[in-house]
Amino acid sequence: KQEVTQIPAALSVPEGENLVLNCSFTDSAIYNLQWFRQDPGKGLTSLLLIQSSQREQTSGRLNASLDKSSGRSTLYIAASQPGDSATYLCAVRPIQGAQKLVFGQGTRLTINP
Amino acid sequence: GAGVSQSPRYKVAKRGQDVALRCDPISGHVSLFWYQQALGQGPEFLTYFQNEAQLDKSGLPSDRFFAERPEGSVSTLKIQRTQQEDSAVYLCASSSGSGFQETQYFGPGTRLLVL
Numbered sequence: 001k002q003e004v005t006q007i008p009a010a011l012s013v014p015e016g017e018n019l020v021l022n023c024s025f026t027d028s029a030i031y032n033l034q035w036f037r038q039d040p041g042k043g044l045t046s047l048l049l050i051q052s053s054q055r056e057q058t059s060g061r062l063n064a065s066l067d068k069s070s071g072r073s074t075l076y077i078a079a080s081q082p083g084d085s086a087t088y089l090c091a092v093r094p095i096q097g098a099q100k101l102v103f104g105q106g107t108r109l110t111i112n113p
Numbered sequence: 001g002a003g004v005s006q007s008p009r010y011k012v013a014k015r016g017q018d019v020a021l022r023c024d025p026i027s028g029h030v031s032l033f034w035y036q037q038a039l040g041q042g043p044e045f046l047t048y049f050q051n052e053a054q055l056d057k058s059g060l061p062s063d064r065f066f067a068e069r070p071e072g073s074v075s076t077l078k079i080q081r082t083q084q085e086d087s088a089v090y091l092c093a094s095s096s097g098s099g100f101q102e103t104q105y106f107g108p109g110t111r112l113l114v115l
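For the protein sequence lines, the chains are A and B, in the order given.
Quick note on the working numbering: the first sequence kicks off at 1 and runs consecutively.
Quick note on the working numbering: the second sequence kicks off at 1 and runs consecutively.
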């Protein structure tokens, strides 16, 4: 059974710092991995989608990498801003049971002005 | 350019009541998903529709949970005889096709509290 783990569960950093969020998964048989952002009381906003054949994706100040063989992904946020404060979730789309996303428990990020 | 919408946004139910949660996917989206998110946890898959066909309901926690999408657009998740452990946020998502590479777009969720 695919399991997704995110470390740390919570992170608080001063504004302007670069930071890395970690995601690991137990089964490398995936179609893709996706990073989402969730604001309190809101739904999920997709940030980056990395196909299994790709190594990384970039969008603005965000960069996500994928090492499928080792079951790891990182989300790098450059020059953090208070508006980046949210919960960040990673999810994999397993080859078996491919219609469902399997999520980690999230990292709650706080950027302090 | 409406996204996925869900109603109601908040629902308080007494234990034992039946509830119905509605999802309006993005127009024309073939695939529709329901997830359950407990407090402080990531979402967990409940069920999946391709058009009106429910192709996967492996995540439904008990036979008290029932979902339908009769015309291949709007979907309803029904929970019968609600229990306190059903308290959670219920998220709906849709995607344009049925391919495995596609992004799922999520609604704001319905927060259910069972007293």
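Some hints could be false.
To be verified - Simulated crosslink set (PhoX-like; lysine-lysine; CA at most 25 Å straight-line):
no., chain 1, residue 1, chain 2, residue 2
1, B, Lys57, B, Lys11
2, A, Lys1, A, Lys68
3, B, Lys14, A, Lys68
4, B, Lys11, A, Lys42
5, B, Lys78, B, Lys14
6, B, Lys11, B, Lys78
7, B, Lys57, A, Lys1
8, B, Lys78, B, Lys57
Just so you know, the hints here were simulated from the structure itself, not pulled from any lab data.
Hint check results:
1. B/Lys57 - B/Lys11: Measuring from Cα to Cα gives roughly 23 Å; hence the hint holds.
2. A/Lys1 - A/Lys68: 16 Å, holds
3. B/Lys14 - A/Lys68: At roughly 45 Å apart (the allowed maximum being 25 Å), lysine 68 of chain A and lysine 14 of chain B break the hint.
4. B/Lys11 - A/Lys42: The given pair, whose Cα atoms are some 15 Å apart, holds under the 25 Å limit.
5. B/Lys78 - B/Lys14: 15 Å, holds
6. B/Lys11 - B/Lys78: The hint holds at about 13 Å.
7. B/Lys57 - A/Lys1: 17 Å, holds
8. B/Lys78 - B/Lys57: 13 Å, holds
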